[in-house]
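J.: Heads up: the protein sequence lines correspond to chains A and B, in order. Going by the numbering used here, the first sequence opens with residue 1, and the numbers climb by one from there. Going by the numbering used here, the second sequence opens with residue 1, and the numbers climb by one from there.
Just so you know, not all the hints are guaranteed correct.
Stated by the list, open to error - In silico lysine to aspartate or glutamate, EDC-like type, Cα no more than 20 Å apart, as pairs:
{"no.": "1", "chain 1": "B", "residue 1": "K69", "chain 2": "A", "residue 2": "E109"}
{"no.": "2", "chain 1": "A", "residue 1": "K40", "chain 2": "B", "residue 2": "D275"}
{"no.": "3", "chain 1": "B", "residue 1": "K69", "chain 2": "A", "residue 2": "D6"}
Stated by the list, open to error - Pair by pair, the computed Cβ-Cβ distance ranges are:
{"no.": "4", "chain 1": "B", "residue 1": "E64", "chain 2": "A", "residue 2": "E119", "range": "39 to 47 Å"}
{"no.": "5", "chain 1": "B", "residue 1": "D225", "chain 2": "A", "residue 2": "E119", "range": "39 to 47 Å"}
{"no.": "6", "chain 1": "B", "residue 1": "R39", "chain 2": "A", "residue 2": "A115", "range": "41 to 49 Å"}
{"no.": "7", "chain 1": "B", "residue 1": "E213", "chain 2": "A", "residue 2": "G146", "range": "52 to 60 Å"}
{"no.": "8", "chain 1": "B", "residue 1": "S273", "chain 2": "A", "residue 2": "E119", "range": "48 to 56 Å"}
{"no.": "9", "chain 1": "B", "residue 1": "E213", "chain 2": "A", "residue 2": "A135", "range": "27 to 35 Å"}
{"no.": "10", "chain 1": "B", "residue 1": "A203", "chain 2": "A", "residue 2": "E106", "range": "23 to 31 Å"}
{"no.": "11", "chain 1": "B", "residue 1": "D198", "chain 2": "A", "residue 2": "E109", "range": "49 to 57 Å"}
By construction, these hints were calculated from the structure, which means they are not laboratory data. For glycine and all other residues, C-beta sits at the position ideal for the given N, C-alpha and C.
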Amino acid sequence: MSDRFDDVFRARYGEVYGLAWRVLGDRGDAEDAAQDAFAKLAGAAVLDRPDGEVAAWLRRVTINDSFNRVRGRRRARERVDRAARLEPLAEVEGAGPLLAVLRSEEQAEVRAALAGLPERQRATLLLRHSGYRYAEIAQTLDIAIGSVGVLLARGERAFRTAYEENTG
Amino acid sequence: MTACLDTATLRTGLDVPDAAIDEHLAHCDDCRAVARNLRDDAVSTGALLRPLAPEALPDAAATEAALHKVRSTAPAVADLDAVAPLPQRRAQRPARRWDAGLRVAAAVALVAVMAGAVVATPGGRTAAAAFLAAFRSERFAVVTVDPDELTDGLAALEQFGPVRGIRGAEPERVHDLDAAAEVAGFRPATVNAESLPDGVATAPTLLASPAHEVSLTLRRRRAPDMPADLDGTRLILGVPAAVVQAYEGQGDVPGLVVAEANQITAHTEGGASLDAVRDYLLNAPGLPPSTVAQLRAIDDWRTTLPIPVPLGDVSWEDTTVGSSPAVAFGDESGLVAAVLWQRDGRIHGVGGALPASQVRILAEELGG
Numbered sequence: 001m002s003d004r005f006d007d008v009f010r011a012r013y014g015e016v017y018g019l020a021w022r023v024l025g026d027r028g029d030a031e032d033a034a035q036d037a038f039a040k041l042a043g044a045a046v047l048d049r050p051d052g053e054v055a056a057w058l059r060r061v062t063i064n065d066s067f068n069r070v071r072g073r074r075r076a077r078e079r080v081d082r083a084a085r086l087e088p089l090a091e092v093e094g095a096g097p098l099l100a101v102l103r104s105e106e107q108a109e110v111r112a113a114l115a116g117l118p119e120r121q122r123a124t125l126l127l128r129h130s131g132y133r134y135a136e137i138a139q140t141l142d143i144a145i146g147s148v149g150v151l152l153a154r155g156e157r158a159f160r161t162a163y164e165e166n167t168g
Numbered sequence: 001m002t003a004c005l006d007t008a009t010l011r012t013g014l015d016v017p018d019a020a021i022d023e024h025l026a027h028c029d030d031c032r033a034v035a036r037n038l039r040d041d042a043v044s045t046g047a048l049l050r051p052l053a054p055e056a057l058p059d060a061a062a063t064e065a066a067l068h069k070v071r072s073t074a075p076a077v078a079d080l081d082a083v084a085p086l087p088q089r090r091a092q093r094p095a096r097r098w099d100a101g102l103r104v105a106a107a108v109a110l111v112a113v114m115a116g117a118v119v120a121t122p123g124g125r126t127a128a129a130a131f132l133a134a135f136r137s138e139r140f141a142v143v144t145v146d147p148d149e150l151t152d153g154l155a156a157l158e159q160f161g162p163v164r165g166i167r168g169a170e171p172e173r174v175h176d177l178d179a180a181a182e183v184a185g186f187r188p189a190t191v192n193a194e195s196l197p198d199g200v201a202t203a204p205t206l207l208a209s210p211a212h213e214v215s216l217t218l219r220r221r222r223a224p225d226m227p228a229d230l231d232g233t234r235l236i237l238g239v240p241a242a243v244v245q246a247y248e249g250q251g252d253v254p255g256l257v258v259a260e261a262n263q264i265t266a267h268t269e270g271g272a273s274l275d276a277v278r279d280y281l282l283n284a285p286g287l288p289p290s291t292v293a294q295l296r297a298i299d300d301w302r303t304t305l306p307i308p309v310p311l312g313d314v315s316w317e318d319t320t321v322g323s324s325p326a327v328a329f330g331d332e333s334g335l336v337a338a339v340l341w342q343r344d345g346r347i348h349g350v351g352g353a354l355p356a357s358q359v360r361i362l363a364e365e366l367g368g
């Protein structure tokens with residue numbers, strides 16, 4: 001048994017799953033993305049690095065993989081089909097079906113606008129608006145901390161423009 | 001007037017308080033217009049992205065199931081057991097001055113005033129410790145922690161049940177003490193301009209946050225080892241209103257931070273007592289055994305606020321400010337110091353990149 005791997009998994013699985021969920025909006029896909037990230041970690045030298053570096057590595061791999069999944073046409077088609085069958089409604093506690101559909105559609109527009117941004121901008125926006133600090137974002141993306149503000153400013157402008165164009 | 005600020009600086013200033021930016025904006029119409037647009041973009045983006053958060057994170061059982069699945073499909077995990085362990089670079093990492101300084105500054109902000117903000121920050125490593133402060137804070141007890149051994153605070157709490165109110169009260173930047181008083185419900189101490197140390201900004205960045213509640217509802221289905229009588233109990237933490245006056249210094253560490261907050265309170269509803277909840281949480285994973293031992297050793301945990309201090313880099317001693325009990329902190333370089341004290345039912349903190357003697361003088365002026 002690798003205690004180190006197990007400890008990291010237990011400490012970080014929820015966080016990694018949460019990031020993947022924000023990009024994918026689907027429990028099964030988020031679980032797949034999170035578990036794939038840990039599977040890659042199992043054979044990676046970074047596992048021996050300090051916790052902060054391991055966490056940054058996991059976030060980076062998860063975000064990249066999650067956005068790659070978004071681009072996968074087949075999975076996207078499946079998600080659309082599932083939405084059409086109202087399958088996710090059971091997960092929206094206390095909301096009526098119509099509200100759930102509207103919420104689901106709005107979040108799909110948000111995710112689409114986010115996925116269309118340049119790689120570093122979308123990752124920076126995702127992390128910052130998930131509550132991560134500038135230092136953590138810089139470490140995750142392997143960029144200078146001074147670059148976080150640039151990416152946020154450009155990304156937020158581009159995201160807002162894309163979302164408004166998509167939603168008319 | 002100084003030259004106009006670049007977009008990155010203005011955007012960063014929306015999240016990271018900077019008195020120099022405020023000072024420039026007060027006199028520059030162009031930069032103020034740019035900053036207004038940046039804020040609009042940031043607020044709009046945040047409003048759209050925040051709802052993407054999952055309704056719930058995997059509970060302990062789901063995490064164990066996922067771990068089992070990954071281990072069964074990733075042979076490399078098992079292979080790790082067959083090779084000699086690599087050197088523990090973490091133990092070899094030298095303590096850097098700024099690192100220690102930030103930790104001292106963090107101790108001030110974290111414990112004296114910003115406990116709410118820390119709890120409200122995903123990834124705040126000491127959230128679990130803050131929740132263990134199930135009491136009405138009247139005294140301090142320093143508890144050393146190894147940050148590398150603490151699990152993520154939010155994740156640690158979510159394993160016991162849903163947490164509500166985490167995003168309840170982001171600190172708000174305000175322009176003067178009157179506005180701070182309006183947000184916090186009390187008027188913070190005024191720092192005499194003549195008392196400001198050399199090398200710090202003349203005007204502070206002001207942050208204020210109102211009181212709010214954070215609740216954890218214990219759910220046995222998330223933590224199967226939870227005693228049945230705890231299931232459904234709500235632990236409610238009263239995160240106090242707080243005001244921080246931060247003066248820019250010469251380096252990464254704030255030149256001077258003056259902080260003030262009401263007391264932290266906690267109580268339970270719908271079932272088990274605070275004693276039972278505390279005992280259960282102290283036995284839960286996430287805190288190193290040494291920390292648990294220290295917390296258990298506190299004589300009267302109902303009135304004593306455990307102050308988590310990073311192991312190794314920070315020293316401290318009991319002292320007084322005026323006639324009030326206090327704790328003085330310092331880093332190993334002697335360049336960064338802080339003092340916390342309680343007076344009139346309120347927690348006060350002063351700290352920064354200053355000699356300990358100067359911090360004590362400021363504390364006496366403010367609270368003596």
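J.: Indicate, hint by hint, whether the structure satisfies it.
T.: Hints versus structure:
At most 20 Å may separate the alpha-carbon atoms for a hinted pair to count; B/K69 and A/E109 exceed this at roughly 33 Å. For the proposed pair A/K40 and B/D275, the alpha carbon gap of about 43 Å is over 20 Å, so the pair is violated. A hinted pair counts as satisfied when its Cα atoms are at most 20 Å apart, and B/K69 with A/D6 qualifies at roughly 12 Å. Checked against the hint of 39 to 47 Å, the pair B/E64 and A/E119 fails, with Cβ atoms roughly 33 Å apart.
Distance hint for B/D225 and A/E119: a CB-CB separation of about 42 Å, consistent with the stated range 39 to 47 Å. Look at B/R39 against A/A115: about 25 Å separates their beta carbons, and that is not inside 41 to 49 Å. Between B/E213 and A/G146 the C-beta distance comes to about 37 Å, which lies outside the given range of 52 to 60 Å. Distance hint check: the CB atoms of B/S273 and A/E119 are about 51 Å apart, consistent with the given range 48 to 56 Å.
For the pair B/E213 and A/A135, the supplied restraint of 27 to 35 Å holds, since their beta-carbon distance comes to about 29 Å. Range check, B/A203 to A/E106: Cβ separation about 42 Å, and the 23 to 31 Å hint is violated. As the Cβ distance of B/D198 to A/E109 is approximately 54 Å, the hint placing it in 49 to 57 Å holds.
Violation of the numbered hints given earlier is confined to hints 1, 2, 4, 6, 7 and 10; the remaining hints are satisfied by the structure.
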